[in-house]
Amino acid sequence: MPQDGPQAGPRRAAPWCRLLGAFLAAALLSACDGPQSVLVPAGEDASQIDRLFRVMLVGAIVLWLGMNGLFYFITRRYTGAISRRRAEAVILGGGVALPVVVITALLVWGLSIMPDQRAPGDGLRVRIVGEQFWWRVEYWPEGAEAPVVSANELRLPVGQRSEILLDSADVIHAFWIPALGGKMDMIPGRTNRMTLAPTEAGTFRGACTEFCGLSHALMALNAVTLEEPDFDAWLAAEAGPARAAEGPGRDLFFREGCGACHALRGTPAQGAVGPDLTHLGSRTSLASGILPMTAEALAGWIRDPQAAKPGAEMPAYDHLTEDELATLAAWLEGLE
Amino acid sequence: MTADATGEATGDATRGHGRFGTDAPPPQGPFPPTEAMLSEPVPGDVARAQEDRLRRVWKTPEGWRYFSDVNNTSVGRWYCLTAFFFMLCAGVLALLMRLQLAVPGNDLLSADRFNQFFTLHGSAMMFLFAVPIFEAVSILILPALLGARDLPFPRLSAYGYWCFLIGGIFVMGSVLFDVAPRSGWFMYPPLATEDEGIGSDIWLLGLSFIEVASIAAAVELIVGVLKCRPPGMRVNLMPLYAWYVLVVGGMILFAFPPLIAGDLLFELERSLDWPFFDAARGGDPVLWQHLFWIFGHPEVYIVFLPSIALAAMIVPTAARRPILGYSWIVLSAVGTGFLSFGLWVHHMFTTGLPTLSLGFFSAASEAVVIPTGVQLFAFVATLMAGRVKMSLPMLWIAGALAIFTAGGLTGVMVAIAPFDWQVHDTYFIVAHLHYTLFGGMVFPVIGGVYYFFPVITGKELSNRLGRWAFWLIFAGFNLAFLPMHLTGLKGMPRRVFTYPGDLGLNWLNLVSTVASFVIAAGFAVFLWDLLRPKGSRRTPRNPYDAGTLEWSQSPEGETWGVRSIPYIHTRYPLWQQERILERMDAGRYYLPDAEAGQRETIITSVIDARPLQVLRLSGPTWVTMLAALFTGGTFILPTFKMYAPALICGVLAAMTVLYWLWTATARIPERETVDAGLGLKLPVYVSGSGSVGWWAMWITMLGDSTAFASLVFGVFFYWTARSDYPPPGSDHADPWLAGAALAAALLSWGLTLVARGLNRRRRRGARLALAAALPATMAAGAALFYALRLPGLDPVTHVYPASMWVLVVWAGAHLGLGLVMQGYCLAGLTFGRITPRHDAPMWNVSLYWHFLALTMLVTVATLAVVPRVM
Amino acid sequence: MIDDPTLEQEQEFAEEEASLIKLTFGPLIWAAHFVLSYGAAAVVCAKFPAAIAPLRWAIAGVTLPALAGILWLAWLAWRQWDFFDRDESHDRSGERRHEFLGQAAFLLTVPSFIGTVYTALPALFAGTCR
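Residue numbers (our numbering), protein chains in the order written: chain B, 1 to 336; chain C, 1001 to 1870; chain U, 2001 to 2130.
Calculated directly from the structure, the hints in this document are not laboratory data. Bear in mind that the values here come from a model prediction, so they are computed numbers and not experimental data. You may find that some hints are simply not true.
[To be verified] Once the Cα atoms are required to be at most 25 Å apart in a straight line, the calculated SDA-like pairs of lysine to any residue come out as:
#: 1; chain 1: C; residue 1: Lys1389; chain 2: B; residue 2: Tyr72
#: 2; chain 1: C; residue 1: Lys1389; chain 2: B; residue 2: Arg127
#: 3; chain 1: U; residue 1: Lys2047; chain 2: B; residue 2: Thr191
#: 4; chain 1: U; residue 1: Lys2047; chain 2: B; residue 2: Ala119
#: 5; chain 1: C; residue 1: Lys1389; chain 2: B; residue 2: Gly121
#: 6; chain 1: C; residue 1: Lys1389; chain 2: B; residue 2: Leu65
#: 7; chain 1: U; residue 1: Lys2047; chain 2: B; residue 2: Arg193
#: 8; chain 1: U; residue 1: Lys2047; chain 2: C; residue 2: Phe1713
#: 9; chain 1: C; residue 1: Lys1459; chain 2: C; residue 2: Pro1540
#: 10; chain 1: U; residue 1: Lys2047; chain 2: C; residue 2: Arg1868
#: 11; chain 1: C; residue 1: Lys1389; chain 2: B; residue 2: Asn68
#: 12; chain 1: U; residue 1: Lys2047; chain 2: B; residue 2: Pro115
#: 13; chain 1: U; residue 1: Lys2047; chain 2: C; residue 2: Asp1731
#: 14; chain 1: U; residue 1: Lys2047; chain 2: C; residue 2: Val1712
#: 15; chain 1: U; residue 1: Lys2047; chain 2: B; residue 2: Arg127
#: 16; chain 1: C; residue 1: Lys1681; chain 2: C; residue 2: Glu1035
#: 17; chain 1: C; residue 1: Lys1389; chain 2: B; residue 2: Gly94
#: 18; chain 1: C; residue 1: Lys1534; chain 2: C; residue 2: Ile1456
#: 19; chain 1: C; residue 1: Lys1681; chain 2: C; residue 2: Val1606
#: 20; chain 1: C; residue 1: Lys1389; chain 2: C; residue 2: Pro1540
#: 21; chain 1: C; residue 1: Lys1389; chain 2: B; residue 2: Ser83
#: 22; chain 1: C; residue 1: Lys1389; chain 2: B; residue 2: Ala119
#: 23; chain 1: U; residue 1: Lys2047; chain 2: C; residue 2: Val1869
#: 24; chain 1: U; residue 1: Lys2047; chain 2: C; residue 2: Ile1456
#: 25; chain 1: C; residue 1: Lys1389; chain 2: B; residue 2: Thr79
#: 26; chain 1: U; residue 1: Lys2047; chain 2: B; residue 2: Gly121
#: 27; chain 1: U; residue 1: Lys2047; chain 2: C; residue 2: Gly1352
#: 28; chain 1: U; residue 1: Lys2047; chain 2: C; residue 2: Lys1059
#: 29; chain 1: C; residue 1: Lys1059; chain 2: C; residue 2: Leu1081
#: 30; chain 1: U; residue 1: Lys2047; chain 2: C; residue 2: Ser1723
#: 31; chain 1: C; residue 1: Lys1389; chain 2: B; residue 2: Glu88
#: 32; chain 1: U; residue 1: Lys2047; chain 2: C; residue 2: Ala1721
#: 33; chain 1: U; residue 1: Lys2047; chain 2: C; residue 2: Ala1279
#: 34; chain 1: U; residue 1: Lys2047; chain 2: C; residue 2: Phe1716
#: 35; chain 1: C; residue 1: Lys1389; chain 2: B; residue 2: Gly80
#: 36; chain 1: C; residue 1: Lys1389; chain 2: B; residue 2: Thr191
#: 37; chain 1: U; residue 1: Lys2047; chain 2: C; residue 2: Lys1459
[Claimed, not checked] Stretch by stretch, here's where chain C covers chain B in the computed footprint (C-beta under 8 Å, at least three residues):
#: 38; region: 81-90
#: 39; region: 108-122
#: 40; region: 167-179
The beta carbon of each residue, even a glycine, is placed where N, CA and C say it ideally should be.
Given only the sequences and the hints, what does the whole structure look like? Please build it.
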């Protein structure tokens, strides 16, 4: 790819129509879906914005065609000069009257949905803290005195509006689950607040959208929405201690000092530097949304975290043998 | 276009004279000139002698001395080529980034290198191309548009250019050493403040240096438009480009200073650990975002308006009729200029500000559509009313319109806050901003290059190559950026060095990458057309048959600009004023001669352009380059923690500038008045509000006050943003010392005014008053310092003392500058450089001191009173 | 061709210089209204979030005089533009400087008026600190 760069332009320029065709076909095939797409909403807020977008898109296309059609017509086809008065009417009509009507309507619509988008929550509060380059997640059900701590994955009940409190431990991040709603920054020294109301059960991908340093591109997470009973059951399980089975895996975990940074509730591991690992195996992804939750991926991650995520703070455990890594990874994967 | 467009038919040269502070002999002689005077022929031998003298005076230095030139045509050319070169560099970075993003999980570029590239791509395109190219093009063509010989401060232009070159190479070159800034072109703290390495310092110091140069250029251009118009060119007859220069110059004056204030806070945090953006010590990173975007959004329009201005010159020529809705376009330029300052928070819609606050900015962002719409429809109406002749420049304008309207419409979408919450910081925004910048800047500028090329070089660019370049760039651009809207909607964030393969983004990214090379091919064609040898044949003088004054530039490559400065009473003089070219070339109009052997141009009144003065311009010199080198050292050396050499450079820079001012400005002329032609006698030396120096001071101080206001805004911002500002139980500034500082400053101010008055009235004691003002100024600085030092306020501990100290630093630096100015005037009085009649420096220094007195008043109130009320 | 500046000429010049500044009065009212509304919202939402309802009324209370001011400026500028003067020597399109300054000032009140109305809309439709 890089080698044929310089001469690529002129050669490809001539059949650009063919490229456009290929692009359109590809665009139609892949259409709008995708795990991180704004265009397949699964939450009240995202749906409201989606409706707004579709109307704006149609309007924009019509206005674009109108404006450029007019311009083409007057520069290429039209020959008779019109009078000065008529021309001034064009300025007044096109430059003032038309935009005032369109823009005012759009602005009123846009402003009036803003309070909805920031409506208060129904009970569950989730506090998410952005760190380079992962997410600390705390669930505070109504009336709870201590949070249920987790990391790198967000679970929310369908049919409820949950309140999300956003904070940062280092630099500015931004929290965004496109299928559920708009994004919000996480700023050190400030606690930002947003609410999300999922309408469908499913797994949706989200990402950090404020540039936060070296591995900004590798800071993502999955949001899993569950029907209310499923969510309650899951939260109850999540609140429980780690099922840290005795065995060589556990021994390795403690021998290598993993507990100094990571917590496993119900065990001596109480570190709070890195992500909580109490129910690691039950999560849908590893390393904040960039690796699958498999024993192989876990082993690779432990051996050399910087390879997967430059700038990650976790040290490399490349002194462990392949067998040790596999044992540790399998044990960690079993923490469900 | 009536014959009566001139307004009153009679008048005389003295009108509009008599502003305060002017002690110059009034203009004498008839104005405006009568038809009889203009039709009188100039004798051939007289004309030839005049031409010889003009040629000698305006001769461009040759050989290596060429680079000591300060004439706007040389400086403007260097400026344009340099800005274009930086654009190409930033474009190459973009191509490399596109290669990295061609496929998911690519490892062509490391994360760190990619981050450096996108940071530098944005910073260079904005600070080293988009804004400088406006200044470059304006320096190059504005005097031609106004029939002036040069801008009022040629050496300032040259100084600005050398600053730009040094700063640009410093910032751009850092990427070759792998130490480029890497926190994004917006440098958000705490990421950027805590970044290890020198990248952030390179960005801050290198670009601050260029921002100062930008403000210098803005001052130059504003004064140029207001005071250097040809006699008779009233404000309602100015070419539209001049209106835009005026508006954009004003915008730079109010938009750049907040960023300079922000840079100051930022660098104080990085080098002295003053916690302005550190939340743990009461700071707030959001303040930087406010200051950055108060600059950053007007910046978008600072980039866009001049390009539209180029379109406003090209469209009437294509329509072969005067622009329709001239006043409408003025409305839209001024209106956009104002509204653009109410949009900045739309870059901060996701920072969690109150819904109501966001609503204001959403509303203002939509309101700005109206002046923009007026602008575009004025062009449409002009084309409808004329008989269009499509030319190559017009093709670029049409392409610009197609692209810009798409960018504008997505702009309307993202101005609606809820929609922005979804697409903010995604590739949708990448697409949107490139549509606005290509449509609102790149295409019109290239169109402008094709259009004005004959004016500047006397050669024409190739029509065939121009069309190739157009279609390659146009097609490539749309293929590359149209898909990005979808890429963003499908969830791809900005500023990512890679993306996973299972989000459905692969095809879209591949298409964008391939198409980016089509754009590059288009630019390669354009570059070749620009640089290829074009033979020695000159094109005809006015190949597009345009109506404005720049096409009257002397055809044979003379460097004097216009042979004589015409009397203008129409908007399109070449169309509407008969025989104007012939009379200009014959030397029938004003300043046809250079008898004193010095470069001269005419200064006119602001509204009606009545001739007021013949301004002596400074000629080629190395001093500007030296001053820029030392200024560069002052800004660049601190990056490497070389503070002592930086200080030495600073002192040398100050000395160089003083030498420059002392030897080349406000020189006492050998005669009080000179013959400006057509029987008009004009003064050479003007002081007070009639002089260009006074205007430049006034305009500079407006910008300076804006930076100061930004620092004061910071104090109020912390108060609203933090509950611990000021921290409970904190010490405050000593009110007595602060009061004493104010009293001493006001005394010094008063003494400066007294000195000016005594000198003007030829009384004794002026020097004594100035000599007494010096210790008063020093006392004010010392009292201000101890007002914070004595209560033991330590700026490192908390943002409250830091925000007080920064005000003291600011006021103290201005007192220091005020001291130098007072000393300069004292020296001027002592060595006969300032006399009762020739006292321009005294007036300019008094004006500076008015602003300084106000600054001190606000500083002392903010130190001593405000925190006690909070 | 007399050299003395007469009083009348001085006055006329002063009027015209003021006219260039007058151009900006409409946008300046918009700017003042905008800064006031934004500043008040920032302070109220940060320090007294309970006072949001009075704030909305206050914004309405500032908007009406602002709009009245803009309309008054528009009327003054309209008269200076002299749109309906059909005198032959009189060019309605603002070719002449005096009329031009009036016309430009009038036209500038249009976006100022719309902008000011727009600034008030959030208080109506999105009047919350959340």
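Task: Restraint check for lysine 1534 of chain C with isoleucine 1456 of chain C, where alpha carbons must lie at most 25 Å apart - done: 14 Å, holds
*Are the Cα positions of lysine 2047 of chain U and threonine 191 of chain B separated by 25 Å at most?*
16 Å, holds
- Query: Can the region 167-179 of chain B be counted as covered by chain C under the rule of three residues or more with Cβ-Cβ separation shorter than 8 Å?
  - Reply: holds (count 6)
Check: Does the structure keep lysine 1389 of chain C and glycine 80 of chain B at a Cα separation of 25 Å or less?
Finding: 13 Å, holds
Please verify whether lysine 1389 of chain C and glutamate 88 of chain B have alpha carbons no more than 25 Å apart.
21 Å, holds
Q: Verify the proposed pairing of lysine 1389 of chain C with tyrosine 72 of chain B, using a straight-line Cα cut of 25 Å.
A: 13 Å, holds
(request) Mind checking the alpha carbons of lysine 1459 of chain C and proline 1540 of chain C for me, to see if they're no more than 25 Å apart? (result) 9 Å, holds
Item checked: Hint consistency between lysine 1389 of chain C and leucine 65 of chain B [alpha-carbon to alpha-carbon, up to 25 Å] -> Between lysine 1389 of chain C and leucine 65 of chain B the Cα gap is close to 23 Å, so the pair holds against 25 Å.
* Can the restraint linking lysine 2047 of chain U and phenylalanine 1716 of chain C be considered satisfied, given a maximum Cα separation of 25 Å? -> 12 Å, holds
*When you check the alpha-carbon spacing of lysine 2047 of chain U and glycine 1352 of chain C, does it fall within 25 Å?*
16 Å, holds
| said: Please verify whether lysine 2047 of chain U and lysine 1459 of chain C have alpha carbons no more than 25 Å apart. | reply: With a Cα-Cα distance of about 65 Å, the restraint between lysine 2047 of chain U and lysine 1459 of chain C is violated, given a limit of 25 Å.
Query raised in the report: Taken at face value, is the distance from the CA of lysine 1059 of chain C to the CA of lysine 2047 of chain U at most 25 Å?
Result: 66 Å, violated
Hint compliance for this structure: hints 2, 5, 22, 24, 28, 36, 37 are broken, all remaining hints hold.
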